[in-house]
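Given the coordinates of chain F, assemble chain Y onto it according to the supplied hints.
There are 2 protein chains.
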Amino acid sequence: MPSVTNARVIFNDIPTGYPEPGKTTVYDESTTIDLDAVPLNGGVLVKTLFLSVDPFLRGMMRDPGIDSYSPAFKIGEPIYGYGVARVLRSEIAGVEAGSYVEGIISFQQYNILPNLAPDAFHIIDKKHKVPLSYYLGALGMPGKTAFMGWRKFSQAKEGETAFVTTGAGPVGSFVIQLAKLAGLKVIASAGSEDKVAFMRSVGADVAFNYKTTNTLEILRKEGPIDVYWDHVGGETLDAALETARVGGRFIECGMITQYNNPGPETFKNIVNIMTKSLSVHGFIVLRELDDKLREEFYNVVPELVSSGNIQYREEIHDGLESAGNVFLAVQKGLNKAKAVIRVAEDV
Amino acid sequence: MPSVTNARVIFNDIPTGYPEPGKTTVYDESTTIDLDAVPLNGGVLVKTLFLSVDPFLRGMMRDPGIDSYSPAFKIGEPIYGYGVARVLRSEIAGVEAGSYVEGIISFQQYNILPNLAPDAFHIIDKKHKVPLSYYLGALGMPGKTAFMGWRKFSQAKEGETAFVTTGAGPVGSFVIQLAKLAGLKVIASAGSEDKVAFMRSVGADVAFNYKTTNTLEILRKEGPIDVYWDHVGGETLDAALETARVGGRFIECGMITQYNNPGPETFKNIVNIMTKSLSVHGFIVLRELDDKLREEFYNVVPELVSSGNIQYREEIHDGLESAGNVFLAVQKGLNKAKAVIRVAEDV
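Going down the list, the sequences are from chains F and Y. With this note's numbering applied, the first sequence covers 42 to 388. With this note's numbering applied, the second sequence covers 42 to 388.
Hints are computed from structural coordinates only; laboratory data are not their basis. It is possible that some hints are incorrect.
For chains that are exact copies, the list does not tell them apart, and a pair is met inside one copy or across any two.
[Said to hold, decoys possible] Using 30 angstroms as the maximum straight-line C-alpha spacing, the simulated DSBU-like pairs for lysine-lysine come out as follows:
1) LYS193 to LYS333
2) LYS262 to LYS198
3) LYS193 to LYS309
4) LYS252 to LYS309
5) LYS373 to LYS309
6) LYS115 to LYS309
One chain only, chain F, in its complex shape:
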């Protein structure tokens, strides 16, 4: 069989603010691969079906001299992130051609993976009747983030109040539903009317558009809050600190205000951490929680999703060439649901 194109998305330049498709990332079709002959060296050859476009990828588009919780992408090489792929050939015992895997792969059509370490790859169990792309969302890293962070830090009690930011995203919408299952009143924010409607549809008691409604006023009226799920930081975090109840738990899952405009921020209510006896927990799910809670996650969550007890929505974009634009849209919060790129049909 002759070689075929192995299109890629190359990291080309470090963005200073928002990423720029065609400049900071470049779609490239210059590479080919011989699917039958390429040596696997004990690994597997996989065909990429879906790729996930996550906000955290922005943090990896940085000067490698700057330390962070994630590695920096290398200029001239493909970016990488979560993907679902089908195994075409395998030299790993127990992994058959035709099986499906989820894990970190390069943004290219075909990848050779040297191993499938269980802490890095999940072999998808097809008995659960859920679309493969869900393994990038409710059944993937976002779902783990929501389920494991809530499980570990919320200490939620029936009748309490939770405030969930970015509540229409794959993590936030999952958290809203976990909070409702636990019997909490849920306040949730997002940046468009469509997202507000979606948050209501998954159970949020108070859903609002933070672009047209003042967050602090809503929290003063609907709080005090016992659990704060933060994806935002900055002023929103400060408002949550102001309206927290004594003994409140803050779950610091993200601070998107700091990703594209890092720098000093003003807070009025940091002192409330002390005066209100708050506990503020930062976490990176794969660093602290995944090894302890992975088994529980795969035992519980696929059933919650396939039964419809946890609802999930995604936005599928076709073609690897769309990656740069989708990535920019996600950074700007323009996507309406979990953004996924369908690189190939599963045929």
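Coordinates of chain Y only, in the frame set by chain F:
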């Protein structure tokens, strides 16, 4: 027996910045009490021996319309705080005249206490050979704050590094010693050379004067830090966030930068709570920890102190009339050790 003077320290005016002796508090000798005849109504009459001058009293000198974790003092009435007193007469079964109690009492020479609820008063066990005034420090609220906060939140492991602010104070110096007993490297800061020498004498590995040495530079050199004991907030907290190790625990015991100058503050490193998976714990010892850990505290700490395994120092000022000046000195950090007022000799 004729009536005797019952001198008091009256809360006279709400301070806007630092308290002003003679204006915000007034020493008053206009009241008398008949020690033999005054009705107890089922309570006890006690003679004040020692009163504690604590930083947190400033927060109670406020407009009562402002909500806080502590009540506001009432204009025209005596201020109150922790004291040690001898029981002169008692109508409470099991509390004999001649016994000693520690708890919240008014800043006056004699007090009638309606009850001695065990969560508000401690009957001092004289079998431990420690000075009575220590029940305002290492064996009182500061000692409880240090012991219980450390016990609950530090998760300290041998070989880790702790940073303790206000390390010469009754809480900070106790924390330094607990950290050393647990096998940690201890960095400690205070505001004078005398305090630095004291912190070294109780075991701090790196002790520095934050007024003459840059905190951030010290932490960059001696960190990263696993446990941060905060009494300061503001810039110092921001420096600790910058130099924390992944998984660090922050114990928010106080934020003195906010007490006399409340208002917005600038932080550069709040995002590190997330990126470094920090846990930040606020607490008020009597609100969350005392009921759970009181028994352990009185079982363990008197022996630690009387044996010299925990060292403690205090600064005794004579006479209730000194209260206003001592209070101001404590707010300015001019005291060299736990500030205590000896109201009367124990005769």
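**Message:** With identical chains, the pair LYS193 and LYS333 could be close in the same copy or across copies; at 30 angstroms between alpha carbons, which is it: within, between, both, or neither?
**Reply:** both (10 angstroms within a copy, 22 angstroms between copies)
**Prompt:** Should LYS373 paired with LYS309 be assigned to within, between, both, or neither, using CA atoms and 30 angstroms as the limit?
**Reply:** both (27 angstroms within a copy, 23 angstroms between copies)
**Request:** At 30 angstroms max between alpha carbons, let me know whether LYS262 reaches LYS198 within a copy, between copies, both or neither.
**Result:** within (21 angstroms within a copy, 43 angstroms between copies)
**Item:** 30 angstroms Cα threshold - placement of LYS309 relative to LYS252
**Value:** Result: close both inside a copy and across copies, 21 angstroms intra and 25 angstroms inter.
**Asked** Between the shortest in-copy and the shortest cross-copy C-alpha distance, which are at most 30 angstroms for LYS115 and LYS309: within, between, both, or neither?
**Response** Cα proximity of LYS115 and LYS309: across copies only (27 angstroms, versus 39 angstroms in one copy).
**Prompt:** For LYS193 vs LYS309, is the C-alpha pair at or below 30 angstroms within one copy, between two copies, both, or neither?
**Reply:** both (28 angstroms within a copy, 27 angstroms between copies)
In this structure, every one of the numbered hints holds.
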